[in-house]
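Enquirer: Sequence:
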Amino acid sequence: MNKKGLALFLRARVRPPHPPLPPNQGRYPDSPPSQSLPLPNSNMDPSLSNHHRANNISPSLMLKDVKDWMHASMSIPAHKIEPVDTNLENFLQGYLGLAQEDRRELILVLAKDYDVNRTRVRDLMQQYLSLEPPHALNDGHSSGPEEEGILSAFYRTERNLRDAIKPMYALFFERLNAYPGGLKLLVVLRADLLAILAKENIPSLRALDSFLKEKLITWLSPASLGLHHITWDDSASLLEKIVAYEAVHPIKNLLDLKRRLGVGRRCFGYMHPAIYGEPLIFIEVALLKDVAVSIQDVLWDEPPTPECEASCALFYSITSTQPGLAGINLGKFLIKRVIELIRREMPHITTFATLSPIPGFMQWLLSKLASQFKIGKTETEDASTLSHMGFGSVFRENILLPEEEKMIVDSSVGYAVGNSGLEIMKNLLASTNNEWIKSDCLLKALKPPLLRLCARYLLKERKRGKALDPVANFHLQNGAMIERINWMADQSEKGLQQSAGLMVNYVYRLDHIEEYAELFINEGRIHASPALQQYVNMS
Numbered sequence: 001m002n003k004k005g006l007a008l009f010l011r012a013r014v015r016p017p018h019p020p021l022p023p024n025q026g027r028y029p030d031s032p033p034s035q036s037l038p039l040p041n042s043n044m045d046p047s048l049s050n051h052h053r054a055n056n057i058s059p060s061l062m063l064k065d066v067k068d069w070m071h072a073s074m075s076i077p078a079h080k081i082e083p084v085d086t087n088l089e090n091f092l093q094g095y096l097g098l099a100q101e102d103r104r105e106l107i108l109v110l111a112k113d114y115d116v117n118r119t120r121v122r123d124l125m126q127q128y129l130s131l132e133p134p135h136a137l138n139d140g141h142s143s144g145p146e147e148e149g150i151l152s153a154f155y156r157t158e159r160n161l162r163d164a165i166k167p168m169y170a171l172f173f174e175r176l177n178a179y180p181g182g183l184k185l186l187v188v189l190r191a192d193l194l195a196i197l198a199k200e201n202i203p204s205l206r207a208l209d210s211f212l213k214e215k216l217i218t219w220l221s222p223a224s225l226g227l228h229h230i231t232w233d234d235s236a237s238l239l240e241k242i243v244a245y246e247a248v249h250p251i252k253n254l255l256d257l258k259r260r261l262g263v264g265r266r267c268f269g270y271m272h273p274a275i276y277g278e279p280l281i282f283i284e285v286a287l288l289k290d291v292a293v294s295i296q297d298v299l300w301d302e303p304p305t306p307e308c309e310a311s312c313a314l315f316y317s318i319t320s321t322q323p324g325l326a327g328i329n330l331g332k333f334l335i336k337r338v339i340e341l342i343r344r345e346m347p348h349i350t351t352f353a354t355l356s357p358i359p360g361f362m363q364w365l366l367s368k369l370a371s372q373f374k375i376g377k378t379e380t381e382d383a384s385t386l387s388h389m390g391f392g393s394v395f396r397e398n399i400l401l402p403e404e405e406k407m408i409v410d411s412s413v414g415y416a417v418g419n420s421g422l423e424i425m426k427n428l429l430a431s432t433n434n435e436w437i438k439s440d441c442l443l444k445a446l447k448p449p450l451l452r453l454c455a456r457y458l459l460k461e462r463k464r465g466k467a468l469d470p471v472a473n474f475h476l477q478n479g480a481m482i483e484r485i486n487w488m489a490d491q492s493e494k495g496l497q498q499s500a501g502l503m504v505n506y507v508y509r510l511d512h513i514e515e516y517a518e519l520f521i522n523e524g525r526i527h528a529s530p531a532l533q534q535y536v537n538m539s
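The opening position of the sequence shown corresponds to residue 1 in UniProt numbering, with each subsequent residue numbered one higher.
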């Protein structure tokens, strides 16, 4: 291993960029704000913390300093550039040096004490309501000097209202964004804010998050982002981040990394000039002859398909690196730009598809199996009472078809106990040792119901009008269709635990991307292959 490779893997393993996201906030870019997101104390600026320790500065005094710098950054007039910059620099370094609890207190102060000045808004609204519109506005005639004077009062009051309706922290965010390192700090601050909101549903914090999210969407618009082709020739610090951030299919070793950046593979990242040397999101692509049905084939394809023979660009990993950008869909624009680039450089590539995880499937399925087992057991114990209540007819589902039930019962001898196929299936899938994948008979028995139920999960299960599975929702709202569910496509421990080894191919049909996206977003309509629709019709 060369020095570059050695340094890369030592640093990536010893110092991860940030802690894992909560279960409902995977690093897939579509995950709901999702992603506890607090940055660890290892992110504290060493020189700053050493300085405070050396001078015996207590944490409470340090927090007071940071509050004072924040207040000064908002209150000093904009034309006094040097004092503003000094306070912003002090705040930037000071915030990173705060313990997590102090960050929480500071964010609460920011949200509550620097919110909209509603007293001034009410006064201006009363002024506005007291103004009488000039008659010329109502009868359509041109206005004279008197009407122009009245209009000037309207314009002035409207301008003052627009300014007053902004929270006081708006100016602070604007100034931070314009200061070197400030945009990165705002992303860190939002990550801390989301961590607090995950535990405390406070209206002022929700308003702060909504405002900051809107600002970040504007400041990180696709026009401001550069598409960077990441290769083995990039700096070790950049490659270190790719190794550390990759969460969909973790990079195992140096050979794995070189393969993902080598022949027949591409890796692209969105970069922002204000967050130097760090991709906000990156996508990994395999150039293949056909749409892959197994992640094992993609990761360990040796030798890779010659690029001149490839006809499919397969997106097999999309990773959002910043917890503070949760809910900001940069992945949509990244996919479209990568498709455009590959089409331009490799016109013989005509198929653009994914091999995607199904992170919510097993959680949904085990919950469904457990509830149906409980209902069935209760019905057996007290059939007359439940019949009188109508409970069984309302809540009972036939999860398994009769032939599936029989196959599971017949194949389970020696592997699982249970009085029904449903109970046996629940016990097999809930076990942590995954013994069921070692039995050909069990695999054969479980394959039909798992494929059928997975199709139902992807095509029918919704939450607030969106697809229940976060990865499915991401691709569908970007204009993809669901092409195929793949059996035993990810046999890693993670793949078995989150989706029973199943993976799905989404396909981006270039002539229908916008149409499919609009139909899904506006009507909830999902486009899927006839084979998948057939699975759903069987249920």
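Keep in mind that the hints were calculated from the coordinates and are not lab data.
Some hints could be false.
[Claimed, not checked] DSSO-like cross-link-like pairs, simulated, lysine-lysine; straight-line CA separation at most 30 Å:
1) K466 - K199
2) K460 - K374
3) K258 - K184
4) K444 - K406
5) K406 - K213
6) K460 - K444
7) K289 - K184
8) K494 - K447
9) K494 - K332
10) K438 - K466
11) K494 - K406
12) K406 - K438
Quick caveat, the model's predicted, so the values are computed rather than measured.
Enquirer: Does each hint hold? Answer for all of them.
Expert: Hint by hint, here is what the structure shows:
Distance hint between K466 and K199 is fulfilled; the C-alpha atoms sit about 24 Å from each other, no more than 30 Å. A distance of roughly 23 Å separates the Cα atoms of K460 and K374; the hinted pair therefore holds under the 30 Å criterion. Distance hint between K258 and K184 is fulfilled; the C-alpha atoms sit about 29 Å from each other, no more than 30 Å. For the hint linking K444 to K406, the alpha-carbon distance of about 12 Å falls within 30 Å, and the restraint holds.
About 52 Å separates the Cα atoms of K406 and K213, which puts this hinted pair outside 30 Å; it is violated. Straight-line distance between C-alpha atoms of K460 and K444 comes to about 25 Å, which keeps the hinted pair within the 30 Å bound. Distance restraint check for K289 and K184: the Cα-Cα separation of roughly 40 Å exceeds the 30 Å cut-off, and the hinted pair is therefore not satisfied. Taken as a hint, the K494 and K447 pair is honoured in the structure, with Cα atoms around 19 Å apart against an allowance of 30 Å.
In summary, the hint linking K494 to K332 is supported, as the alpha carbons are separated by about 25 Å, within the 30 Å threshold. Using a Cα cut-off of 30 Å, the hinted pair K438 and K466 is violated, with the two alpha carbons roughly 36 Å apart. Between K494 and K406 the CA atoms are separated by roughly 29 Å; this keeps the pair inside 30 Å, and the hint holds. Taken as a hint, the K406 and K438 pair is honoured in the structure, with Cα atoms around 20 Å apart against an allowance of 30 Å.
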